[in-house]
Amino acid sequence: MTAGSGPDTPPALETGASYLACRGVDSGYRDRPVLHGVSFSIDRPAIYVVLGPNGAGKTTLFRTVAGILRPTAGEVFVGGAPIDRQSSRDQMHYLSHMDGMPDGLTVREGLEFYASIERATPADVDRVLDQLEIRPLADSYISKLSAGQRKRVSIARIFLVERSIYLLDEPTANLDPKVAREIRALILKLSQDRVVLYSSHNLFEAREIGQYVLALKEGRLTLFDRMENLRGTHFIIGVRTLEPAAALAQWERRGDYYLKEISGPDQVPGLIQELEREGVRLREVREMENPLEELFT
Amino acid sequence: MSTPSALPTLLSTTVRRSLVVGRVSLAISCFMVVIYSAGFGFGGGVLISIGAYILPIFSVAGGIGGALVYSNDRLKGVLEYVVAYGIRPGRLLVNAVVASAVQVTIILGLGIGAGVATYRLSGHPFVPALDLVLLGYTVPMSYLSAALMTTVGVYWTSLASPRSGMNSPLGVLPMIGLVPTGAVLILALAAPPAHAAQLVAAAELAIFIVLMVLWTRSERFMPTERLLSPG
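Chains A and B, in that order, are what the protein sequence lines are.
Quick note: the first sequence uses this note's numbering, first residue 1, plus one each step.
Quick note: the second sequence uses this note's numbering, first residue 1, plus one each step.
FYI, nobody ran anything at the bench for these hints, they're computed from the structure.
Nothing here was measured: the structure is a model prediction, and the numbers come from that model.
Don't take each hint at face value.
Here are the computed distance ranges between Cβ atoms for each label pair [said to hold, decoys possible]:
#1 A:Asp176 <-> B:Ser161: 30 to 40 angstroms
#2 B:Leu121 <-> A:Asp139: 41 to 51 angstroms
#3 B:Ala160 <-> A:Asp130: 19 to 29 angstroms
#4 B:Ala160 <-> A:Lys144: 20 to 30 angstroms
#5 B:Ser161 <-> A:Glu278: 51 to 61 angstroms
#6 A:Thr121 <-> B:Ala190: 56 to 66 angstroms
#7 B:Gly90 <-> A:Ser116: 14 to 24 angstroms
#8 A:Tyr29 <-> B:Gly90: 16 to 26 angstroms
#9 A:Ser143 <-> B:Gly123: 23 to 33 angstroms
#10 B:Ala6 <-> A:Ser143: 22 to 32 angstroms
#11 B:Ala6 <-> A:Lys144: 30 to 40 angstroms
#12 A:Thr222 <-> B:Gly90: 54 to 64 angstroms
C-beta atoms are modelled at their ideal positions from N, C-alpha and C, and glycine is treated no differently.
When you get a sec, could you build the whole thing from the sequences and use the hints?
The following block contains the structure:
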């Protein structure tokens with residue numbers, strides 16, 4: 001499957017070799033096959049969000065593309081070369097859903113541990129300590145950090161050296177909204193000239209950050225398309241107020257919530273400002289329906 | 001696109017981490033071995049030989065750091081990253097065994113140093129049989145037992161479901177290290193004195209061969225998919 005089979009199809013690389021390609025990949029574990037005939041080709045830098053319900057095969061896909069799991073059938077290519085070559089692995093950064101930070105080391109030493117594998121320099125470690133704003137933690141033992149701090153330190157690894165392809169399995173899980181937003185901003189900057197394969201359970205985040213979506217269901221790739229080509233591109237927002245509001249009289253009701261259809265999460269701040277101008281005392285604003293939800297069912 | 005280059009061994013980092021992660025057992029073993037060795041050294045004669053016989057017990061107890069690092073790395077998902085970078089599981093086994101050997105060296109150095117120093121300072125005469133015990137039993141059995149313990153620990157950790165603490169394979173690992181130590185010691189004491197040295201050497205060679213066979217099977221006992229963090 002190639003991204004966007006419609007008129008928005010991005011041009012292929014001039015060299016003819018895609019950044020990343022899976023051809024008929026079956027993969028999984030000794031007693032449990034997970035992926036079945038997964039084929040896709042990524043030909044341009046962008047953020048590709050991988051969505052699917054639990055057990056759909058997202059983590060297995062990342063592990064297979066990263067070269068950790070060997071496909072039982074089919075092949076994975078990076079820049080046209082098979083994944084089992086070290087040169088192919090050297091094109092990629094992999095961030096698993098586990099933070100993967102070694103015990104018995106401080107944050108700085110943990111980053112130096114990965115820097116030694118990545119052939120990065122101490123100056124690179126210093127740079128990411130500032131870039132991820134974790135310098136105050138530099139001399140703290142990793143085992144003493146909170147889950148969010150560990151995740152942040154873990155993410156810092158992928159900024160030690162530049163790669164062509166970033167495989168990020170739930171990179172913002174366990175992060176508070178502010179840090180998650182900062183991480184997304186960094187990843188967005190990365191994606192300007194790199195391929196980012198990104199899995200998330202946060203549908204708003206997926207919608208906000210992804211330019212393409214790959215949907216997995218029961219180990220099969222069921223969709224690979226531009227985000228905007230998805231059917232039903234409207235979100236439903238639910239608004240709960242402290243007291244009845246005349247301004248919302250015309251809105252549809254569902255229980256305590258007044259419903260509003262919007263075209264994307266970026267409209268939410270403006271909507272809240274507008275309601276507050278009209279004197280509505282807001283108690284809660286939440287997502288009621290997201291078009292990406294259908295990919296989970 | 002970056003060019004490929006040689007992967008690091010991670011050996012020195014593993015050794016350093018094993019000293020940090022295994023510091024409690026190492027410190028206790030070092031403390032105990034110095035006290036016991038010094039005590040036996042002052043006693044002289046038969047007592048110093050008893051000290052040399054029990055020294056591998058402390059080596060096993062204090063040399064668990066290599067297996068601890070491996071087990072922690074598996075639990076925390078570090079192995080998944082390391083494998084993703086192309087480092088082979090067999091390399092991780094070598095690192096764990098070498099890290100354990102470094103700890104054994106520290107314990108042996110302290111134990112033999114304290115024992116021999118107090119023995120000589122107490123005015124006891126040099127006994128050639130003590131050299132034989134140290135070189136024929138204490139030193140080789142310390143390294144072999146610790147290596148066997150670490151190898152079994154790494155394989156067991158790889159094949160078992162991830163667990164931590166005493167509930168993990170690490171909880172019983174020192175016992176595994178003590179089995180060959182105890183068995184060879186019993187063999188040495190039970191054998192006719194004229195053949196004890198040869199029997200001990202043969203037993204040590206057998207343990208070494210077992211280790212070599214185990215090490216050649218690292219791909220089998222450390223399948224990549226078993227090193228990954230829970231999905």
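Query raised in the report: Taking the beta carbons of Ser143 of chain A and Gly123 of chain B, is their distance inside 23 to 33 angstroms?
Result: Once the Cβ atoms are compared, 49 angstroms apart, the range 23 to 33 angstroms for Gly123 of chain B and Ser143 of chain A is violated.
Requested in this report: Take the C-beta atom of Tyr29 of chain A and the C-beta atom of Gly90 of chain B, compute their distance, and say whether it sits inside 16 to 26 angstroms.
Outcome: Hint holds: Cβ distance 20 angstroms, inside 16 to 26 angstroms.
Query raised in the report: Does the hinted range 51 to 61 angstroms hold for Ser161 of chain B and Glu278 of chain A at CB?
Result: The hinted range 51 to 61 angstroms holds for Ser161 of chain B and Glu278 of chain A, with Cβ atoms some 57 angstroms apart.
Query raised in the report: Lying within 14 to 24 angstroms: is that true of the beta-carbon distance Gly90 of chain B to Ser116 of chain A?
Result: 19 angstroms, holds
Query raised in the report: Is 41 to 51 angstroms a correct range for the gap between the Cβ atoms of Leu121 of chain B and Asp139 of chain A?
Result: 43 angstroms, holds
Query raised in the report: Do the beta carbons of Ala160 of chain B and Asp130 of chain A sit within 19 to 29 angstroms of each other?
Result: Since the Cβ atoms of Ala160 of chain B and Asp130 of chain A sit about 41 angstroms apart, the hinted range of 19 to 29 angstroms is violated.
Query raised in the report: Between Thr121 of chain A and Ala190 of chain B, does the beta-carbon spacing fit 56 to 66 angstroms?
Result: Given a distance of about 59 angstroms, which is inside 56 to 66 angstroms, the answer is holds.
Requested in this report: Mind checking the hinted window 30 to 40 angstroms against the Cβ distance between Asp176 of chain A and Ser161 of chain B?
Outcome: 32 angstroms, holds
Query - Status of the given 22 to 32 angstroms range, CB of Ser143 of chain A versus CB of Ala6 of chain B - result: Given about 31 angstroms between the Cβ atoms, the range holds.
Report task. Check the following: the C-beta atoms of Ala6 of chain B and Lys144 of chain A are separated by a distance inside 30 to 40 angstroms. Result -> Given about 34 angstroms between the Cβ atoms, the range holds.
Query raised in the report: Falls inside 54 to 64 angstroms, the C-beta gap from Thr222 of chain A to Gly90 of chain B?
Result: Given about 39 angstroms between the Cβ atoms, the range is violated.
Query - Ala160 of chain B paired with Lys144 of chain A, Cβ distance criterion 20 to 30 angstroms - result: Check passed, 27 angstroms falls within 20 to 30 angstroms.
When held up to the earlier numbered hints, the structure conflicts with 3, 9, 12 and fits the remainder.
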